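A.B. asks: Letter by letter, the chains look like this.
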Amino acid sequence: MDNKTPAISMRNITKAFGSKVVANKNVSMDIERGEILALLGENGSGKTTLMNMLSGIYRQDSGQIFVDGTEVHITCPKDAYELGIGMIHQHFKLVDVLTATENVALGMQKKTTGPNREIAKAITEICDKYGFDIDPKMKVYNMTVSQKQTLEIVKTLYRGANILILDEPTAVLTPQETEKLFAVLRNMKADGKSIIIITHKLNEVLAISDRVSILRKGEYIGTVQTSEATVQSLTEMMVGQKVELDIERPDIENKELRLSIENLTCLDRYGVKALDDVSFDVYGGEILGIAGISGSGQKQLLEAIAGLQKAESGSSIKYYAPGEKKESQLVGKNVSEIKRMGVALSFVPEDRLGMGLVGAMGMADNMMLRSYQKGGVIFTDRKTPRNLATKIKDDLEVVTPNISTPVRKLSGGNVQKVLVGREIASDPTVLMAAYAVRGLDINTSYTIYHLLNEQKKKGTAVIYVGEDLDVLIALCDRIAILCGGKLNGVVDGRTATKEEVGLLMTNIEAGRKEAEA
Amino acid sequence: MSTKVKETGREPLFHIVRRTDLPFWKSWLIRIAAVVASLLICAVIIVLVTGDNPIQIYATMIKGAVGSPRRIWALLQGVAMLLCVALAVTPAFKMRFWNIGAEGQVLMGGMGAAACMILFGKTLPAPVVLLLVIVVSILAGALWGVIPAFFKAFWNTNETLFTLMMNYIAIQIVSYFTYIWSSNKGNNVINTINADTHVGWLELPASIDKYGYLLNIIIVAVLTVAMYFYLKYSKQGYEISVVGESENTAKYAGINVKKVIIRTMLISGALCGIAGMLLVSGTDHTITPNTAAGRGFTAIMVSWLAKFNPLFMVLTSLLLVFMEKGALEISTVFGLNDSFAAIITGIIIFFIIGSEFFINYSIKKRQKEVEAK
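These protein sequence lines map, in sequence, to chains A and B. For the first sequence, the numbering used here assigns the number 236 to the initial residue and increments by one for each residue that follows. For the second sequence, the numbering used here assigns the number 178 to the initial residue and increments by one for each residue that follows.
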């Protein structure tokens, strides 16, 4: 085997969407055999587009791709498979009602694969070889996110992939699951496979990769040996300028009780307790972090406060307006009733385009979601939201052709700026943000942290549901930890350690012990 | 473990690229080009299949549609009626509520009008009957629209099947009453209702409105403008758009989704009721199970082709009615049967819909091979 020839080499790849948006411009880079290459770049820097061209989803406008030194023309995903290139997308492409084996068999010719039990055997072999853990008979709808991802990787390997592309594989995983994934990736690397991993998390880049290639605004910036890189140096290459990486945490001023949550119990849509007898207080002028493994009741907690989730009897959420002793009960009220009570509640939900915004509408029309009731009796006021959209576009540097471009055409970071900008614009007394920086690049993330801190200084009660423990510990004044729908402790963000919070996230006993101590 | 690189052949000759910034006039140029192209293709087919001169055929179609004042008025009336039903289904479709029950809602509106004219024509004063005709037909259409909406809002039933089945019920009800009220017992035909007294007729004096279509046309024109503003600028119009795009977002914004579904279908059904009233009390002065004449379904196409913009719907309904009237004419003049005209209409619509592809995408040719480094 000639080790000098790269597994893939790309030369002068250019891809444009329309005449204005150039996603990739003259990108040339190599992927060696048996290495893990991290592809790094801000939102909209063209990482995914570049990889989609390798996997046959897009076709480059110009430039060449070589596999093992031979020029190839990849026109469809099938071509990519035949060349041994497999991509694991952010959104899994699995059929829920089928088993793992059936999903692997999909799209394959029966005469080449043989009956399903042969496939099941092959799956088991692949699992044993690399250390995966998957039951071939399990239905996909019964799988956790991590298991689905494993299945996607197994499917790709079964089809003979030697080059695997993973698009933000850790965005949906817990720290433990991420560790497991990395172990598997290392095994695959040892077997001579080439792996390209797209991620925003720099500490993961440093932990797993051999080399790092950086894209900025569609252009190739360079490749560095991971051993010679630091978080700071990578960030600077990515952003193109020096970036302050410390998250600020201003001191709390004028702390006052804003929300008092008592015995909150909620059921999920299957009638199972998603929140179980949760009680805590939220203060104006502080950022309260909510930590927990995904699905521990974070969604129900925020939605119950927002009036979107029914709370069981005995639950109570009392709201205290700034400077007033009068309390008002939020349980049993819906969104518009809470609004009419004069509670200035803002909510940045996890599902940005499916809940917080209307994807098909432009920025201006999305501003109206919160304000369309204003204006005359019949017609709505369209001028104020348009001005607000222009202001947010300028203040937060939202990249969009204009304020009537449908927001779903914007990149993830810009979508989030639109949403956070709107929620902050209404001068909230309570601001809830769920996974506000998920999928965002480092620059946009810091913009969001800054906006949250601004709110905190204004005396707003900020509730921040996060997944990155480093950020939670750096940003929040207090952190409430949910574990299986129960409150498993509230720690001080200034003194807590990552290990302490991680333990409380997974172990309900730890919380009891702490409470007793 | 060396892998043999498989030959994937040459770079394809064409590939498709999404457009993002097509100027407004250019998109209309593409649409017009599509219509011209479709006429050329139709001409070829005419020559191949019938041997007739395509230019004569087109001339005859135009003559059939707008060849005399009477025909122009009939064309406008046809456009107004189709447009009215299209206006009715549009808010529902914008809300992603697949109301394919406009046919039944129109029939029930017509039924309401006919019932008032027949039952009260001899007993109540004419203005009272006319008022009753208006109120009852609107209520009947609205009722037929709101029943499926109610079930959808509270039990999430499938509105497509529900509205479709409501059509059959409406047709059977009208069939039953055409039998009960038939002018000669048992022949299932209701002759012109109140032909001598014109009680319950929605009309302008013959001196102003020679053909009896003007009032219908004015009413629909007003409704078109009203619907345009309602959808685009009103609070309720905004709510409809949000509910249509995402129910979750609607709930998040504090919109009462159930209320919006029911309210919108009340409006949709009421407008269908008005269409039925205009047909029965405004022009036909009688009712048959075929009074709606498929408009409830054609209107869906009118609405979609115009991308739910009421002003564009004037154009799309004009196109469809024009083709229909022209088709009728060529089938009599050239002795071609109706389906030939349907083929031509089909080709034209196919081209118009197909032109959307060229508006959204452009096709790039392969560039010259770049020398490998």
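Please keep in mind that the hints were generated in silico from the structure rather than gathered at the bench. All values derive from a computational prediction rather than experimental measurement. For every residue, glycine included, the Cβ atom is placed at its ideal position computed from N, Cα and C. Incorrect hints may appear among the rest.
Once the Cα atoms are required to be at most 30 angstroms apart in a straight line, the calculated DSSO-like pairs of lysine-lysine come out as [unchecked claim]:
{"no.": "1", "chain 1": "A", "residue 1": "Lys-644", "chain 2": "A", "residue 2": "Lys-561"}
{"no.": "2", "chain 1": "A", "residue 1": "Lys-618", "chain 2": "B", "residue 2": "Lys-435"}
{"no.": "3", "chain 1": "A", "residue 1": "Lys-561", "chain 2": "A", "residue 2": "Lys-436"}
{"no.": "4", "chain 1": "A", "residue 1": "Lys-553", "chain 2": "B", "residue 2": "Lys-203"}
{"no.": "5", "chain 1": "A", "residue 1": "Lys-618", "chain 2": "B", "residue 2": "Lys-542"}
{"no.": "6", "chain 1": "A", "residue 1": "Lys-644", "chain 2": "B", "residue 2": "Lys-271"}
{"no.": "7", "chain 1": "A", "residue 1": "Lys-260", "chain 2": "A", "residue 2": "Lys-692"}
{"no.": "8", "chain 1": "B", "residue 1": "Lys-542", "chain 2": "A", "residue 2": "Lys-313"}
{"no.": "9", "chain 1": "A", "residue 1": "Lys-545", "chain 2": "B", "residue 2": "Lys-428"}
{"no.": "10", "chain 1": "B", "residue 1": "Lys-484", "chain 2": "B", "residue 2": "Lys-203"}
{"no.": "11", "chain 1": "A", "residue 1": "Lys-452", "chain 2": "B", "residue 2": "Lys-329"}
{"no.": "12", "chain 1": "B", "residue 1": "Lys-484", "chain 2": "A", "residue 2": "Lys-618"}
{"no.": "13", "chain 1": "A", "residue 1": "Lys-545", "chain 2": "B", "residue 2": "Lys-329"}
{"no.": "14", "chain 1": "A", "residue 1": "Lys-568", "chain 2": "B", "residue 2": "Lys-435"}
{"no.": "15", "chain 1": "A", "residue 1": "Lys-560", "chain 2": "A", "residue 2": "Lys-545"}
Label-pair restraints from in silico Cβ distances [to be verified]:
{"no.": "16", "chain 1": "B", "residue 1": "Phe-534", "chain 2": "A", "residue 2": "Gly-342", "range": "51 to 59 angstroms"}
{"no.": "17", "chain 1": "A", "residue 1": "Asp-481", "chain 2": "B", "residue 2": "Thr-334", "range": "55 to 63 angstroms"}
{"no.": "18", "chain 1": "A", "residue 1": "Val-332", "chain 2": "B", "residue 2": "Tyr-345", "range": "29 to 37 angstroms"}
A.B. asks: Would the pair Lys-618(A) and Lys-542(B) pass a check requiring their Cα atoms to be no farther apart than 30 angstroms?
C.D. replies: violated (44 angstroms)
A.B. asks: Next pair to validate is Lys-561(A) with Lys-436(A); report whether the Cα-Cα distance is within 30 angstroms.
C.D. replies: Violated. Lys-561(A) to Lys-436(A) sits at ~44 angstroms, over the 30 angstroms cutoff.
A.B. asks: Verify the proposed pairing of Lys-568(A) with Lys-435(B), using a straight-line Cα cut of 30 angstroms.
C.D. replies: Roughly 17 angstroms separates the two Cα atoms, so the pair holds.
A.B. asks: Is the straight-line distance between the alpha-carbon of Lys-484(B) and that of Lys-203(B) 30 angstroms or less?
C.D. replies: Within the cut-off at roughly 18 angstroms; holds.
A.B. asks: Would you mind confirming whether the straight-line C-alpha gap from Lys-484(B) to Lys-618(A) stays at or under 30 angstroms?
C.D. replies: holds (25 angstroms)
A.B. asks: Is 51 to 59 angstroms right for how far apart the beta carbons of Phe-534(B) and Gly-342(A) are?
C.D. replies: Since Phe-534(B) and Gly-342(A) have Cβ atoms about 27 angstroms apart, the given range 51 to 59 angstroms is violated.
A.B. asks: Holds or violated: are the alpha carbons of Lys-644(A) and Lys-271(B) at most 30 angstroms from each other?
C.D. replies: holds (20 angstroms)
A.B. asks: For the pair supplied as a hint, Lys-618(A) and Lys-435(B), confirm whether the alpha-carbon distance does not exceed 30 angstroms.
C.D. replies: holds (28 angstroms)
A.B. asks: Please verify whether Lys-560(A) and Lys-545(A) have alpha carbons no more than 30 angstroms apart.
C.D. replies: holds (26 angstroms)
A.B. asks: Taking only the CA atoms, is the gap from Lys-553(A) to Lys-203(B) under or equal to 30 angstroms?
C.D. replies: Since the Cα atoms of Lys-553(A) and Lys-203(B) sit roughly 58 angstroms apart, the hinted pair is violated (cutoff 30 angstroms).
A.B. asks: Determine whether the Cβ-Cβ distance between Val-332(A) and Tyr-345(B) falls within the hinted range of 29 to 37 angstroms.
C.D. replies: holds (34 angstroms)
A.B. asks: Check the hint pairing Lys-542(B) with Lys-313(A) against an upper bound of 30 angstroms on the C-alpha distance.
C.D. replies: Given that 30 angstroms is the threshold and the Cα spacing comes to 23 angstroms, the pair holds.
Checked against the numbered hints above, the structure breaks hints 1, 3, 4, 5, 7, 11 and 16 and satisfies the rest.
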